[in-house]
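**Q** If you want the building blocks of each chain, they are given just below.
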Amino acid sequence: MGILTKLYTLLRGVSHDTGQGVVDKNAITILDQEIRDTSTQLNTSRQELAKLMAQSKLSDQKIQARSQKVAEYTRYIEGALAKGDEDLAREVAGKLAPLETEQQADQSAKTHLDRSIGTLKATIHKAEAQVKGLRVQVDTVKATASVQKAQMAIASRTAGATSGMSNALESLERIKQRQLETSARLEASEELDASSGDGDLNRKLAAAGLLEDSSSADAVLARFRKPAQLSHDVPTIIGTVVQDDQVGVPRTTDTP
Amino acid sequence: MSECNTRDLYEQLARRYEGNDQITVQLIDSTDPAINVTMHDHGDMQVQIAASGSQIFVSTVLCDAELVRDRDAFNDACMRINPINPLSNLGLSNFGGRDTYIVFGELSASSCADDVDEELQALAINTIDAAETLKSHFTGS
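Chain order of the listed sequences is G and D. Oh and the first sequence: position 240 is 240 in the working numbering, straight run, nothing missing. Oh and the second sequence: position 116 is 1116 in the working numbering, straight run, nothing missing.
By construction, these hints were calculated from the structure, which means they are not laboratory data. The structure displayed is predicted, hence computed values, not measured ones. Treat the hints loosely; a few may be bogus.
[Unchecked claim] Here are the computed lysine to any residue pairs in the SDA-like style, where the Cα-Cα straight-line distance is at most 20 Å:
1. G/176 to D/1129
2. G/176 to D/1091
3. G/51 to G/63
4. G/176 to D/1138
5. G/176 to G/188
6. G/176 to D/1121
7. D/1135 to G/166
8. G/176 to D/1082
9. G/176 to D/1054
10. G/69 to G/91
11. G/176 to D/1041
12. G/6 to D/1091
13. D/1135 to G/179
14. D/1135 to G/188
15. G/132 to D/1108
16. D/1135 to G/170
17. G/51 to G/61
18. G/176 to D/1044
19. G/132 to D/1054
20. G/176 to D/1032
21. G/176 to D/1022
22. G/69 to G/102
23. G/176 to D/1038
24. D/1135 to G/173
25. G/176 to D/1136
26. G/176 to D/1108
[Claimed, not checked] Ranges between beta-carbon positions, derived for each pair:
27. G/55 to D/1086: 31 to 39 Å
28. G/2 to D/1139: 58 to 66 Å
29. D/1086 to G/203: 50 to 58 Å
30. D/1132 to G/2: 35 to 43 Å
31. G/201 to D/1125: 40 to 48 Å
32. G/132 to D/1125: 27 to 35 Å
33. G/104 to D/1089: 56 to 64 Å
34. G/184 to D/1118: 56 to 64 Å
35. D/1118 to G/126: 31 to 39 Å
36. D/1083 to G/62: 55 to 63 Å
[Claimed, not checked] Some chain G residues judged to face chain D by a derived CB distance under 8 Å, without partners named:
37. 3
38. 136
39. 140
40. 143
Backbone N, C-alpha and C define an ideal beta-carbon position, used for all residues, glycine too.
Taking the hints into account, I'd like the entire structure generated from these sequences.
**A** Here it is in structure tokens:
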């Protein structure tokens, strides 16, 4: 069974077991065991490789030595044949023949050995990658477990009635609520902006005592009194304001 | 491969977000410490971070599975959204016996605070996007 299958099986089992939801120590135990098993295999493979490489080296030396012997015998045969000594040549050839047979057998054995070495090296490389992958998986499981524990701790702290856990739906709701508030605030401030020119002016006019509230009792009374007071009252008010505001101050200072 | 632990990462993030009123960083200290990040400009979303050996795991809760009307249809939708959700993954976890959908990302432990910040921002945006996209699957919607 692959390691992921084991972990998945474990998680499925765990998910039905209430209160044990976190990727727990079992997952780490499984992974640690897997790492140990793979590491053991790796060591065995490395020892095997060392053995095969030693054999290959020895075999190589043997083949080298024999090929010198073969070259030597070849030279003897050539020499004997050059001298016309057929019998001597035959005698040496009799020694060369088994040597050549052995050489062929050893060479084919060495080819086989070298192929095994290649395969074993690939296997070791794969196992090393596997151990590395398993270590990363342990890190993932550990980090996931820490985060899950934190999430559970936060959930129990903010113990909500419905789901306990603060979730993205609530965040989305809050964002929308805030967007509504912001746009309402913007609208309100736009309205204020639009009327603020008048507002300022009105404030100034009111401060100057010029802003008449047409609906107030005073204003109504004033309307009734208007014909009688029109002659001096209204100009006097305006005159006073203008004098106070603009002309009045310099004039009083100018007056000796 | 440089190793990183949660407490160191917390120190880095606390420095990174000092004076930033959009993000609150908090260390949840236990035998397995984790960092709780509250992202105020993303609807107060809470994101949890833990570092272990070669990896930094960043995760937030999408929703409790009980809020999902049709789990099969929802799972199908999640599987389809996942490949087009840049840098974040949708997953199903179990917290204290409750199936919970999460959105998560993983970083190399050699990542700096800026990388984690980028991951946090991406995760928050992706999570809100996913919640918006999957809205029709939730009860009460």
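**Q** If a hint holds in the structure, say so; if it does not, say that too.
**A** Here's how the hints hold up against the structure:
no.	hint	result
1	G/176 to D/1129	13 Å, holds
2	G/176 to D/1091	25 Å, violated
3	G/51 to G/63	18 Å, holds
4	G/176 to D/1138	17 Å, holds
5	G/176 to G/188	18 Å, holds
6	G/176 to D/1121	18 Å, holds
7	D/1135 to G/166	16 Å, holds
8	G/176 to D/1082	24 Å, violated
9	G/176 to D/1054	38 Å, violated
10	G/69 to G/91	15 Å, holds
11	G/176 to D/1041	11 Å, holds
12	G/6 to D/1091	18 Å, holds
13	D/1135 to G/179	18 Å, holds
14	D/1135 to G/188	31 Å, violated
15	G/132 to D/1108	14 Å, holds
16	D/1135 to G/170	12 Å, holds
17	G/51 to G/61	16 Å, holds
18	G/176 to D/1044	12 Å, holds
19	G/132 to D/1054	11 Å, holds
20	G/176 to D/1032	35 Å, violated
21	G/176 to D/1022	17 Å, holds
22	G/69 to G/102	12 Å, holds
23	G/176 to D/1038	17 Å, holds
24	D/1135 to G/173	11 Å, holds
25	G/176 to D/1136	16 Å, holds
26	G/176 to D/1108	34 Å, violated
27	G/55 to D/1086: 31 to 39 Å	54 Å, violated
28	G/2 to D/1139: 58 to 66 Å	37 Å, violated
29	D/1086 to G/203: 50 to 58 Å	54 Å, holds
30	D/1132 to G/2: 35 to 43 Å	37 Å, holds
31	G/201 to D/1125: 40 to 48 Å	46 Å, holds
32	G/132 to D/1125: 27 to 35 Å	33 Å, holds
33	G/104 to D/1089: 56 to 64 Å	60 Å, holds
34	G/184 to D/1118: 56 to 64 Å	33 Å, violated
35	D/1118 to G/126: 31 to 39 Å	34 Å, holds
36	D/1083 to G/62: 55 to 63 Å	59 Å, holds
37	3	17 Å, violated
38	136	6 Å, holds
39	140	6 Å, holds
40	143	4 Å, holds
The structure fails to meet hints 2, 8, 9, 14, 20, 26, 27, 28, 34, 37 from the earlier list, while all remaining hints are met.
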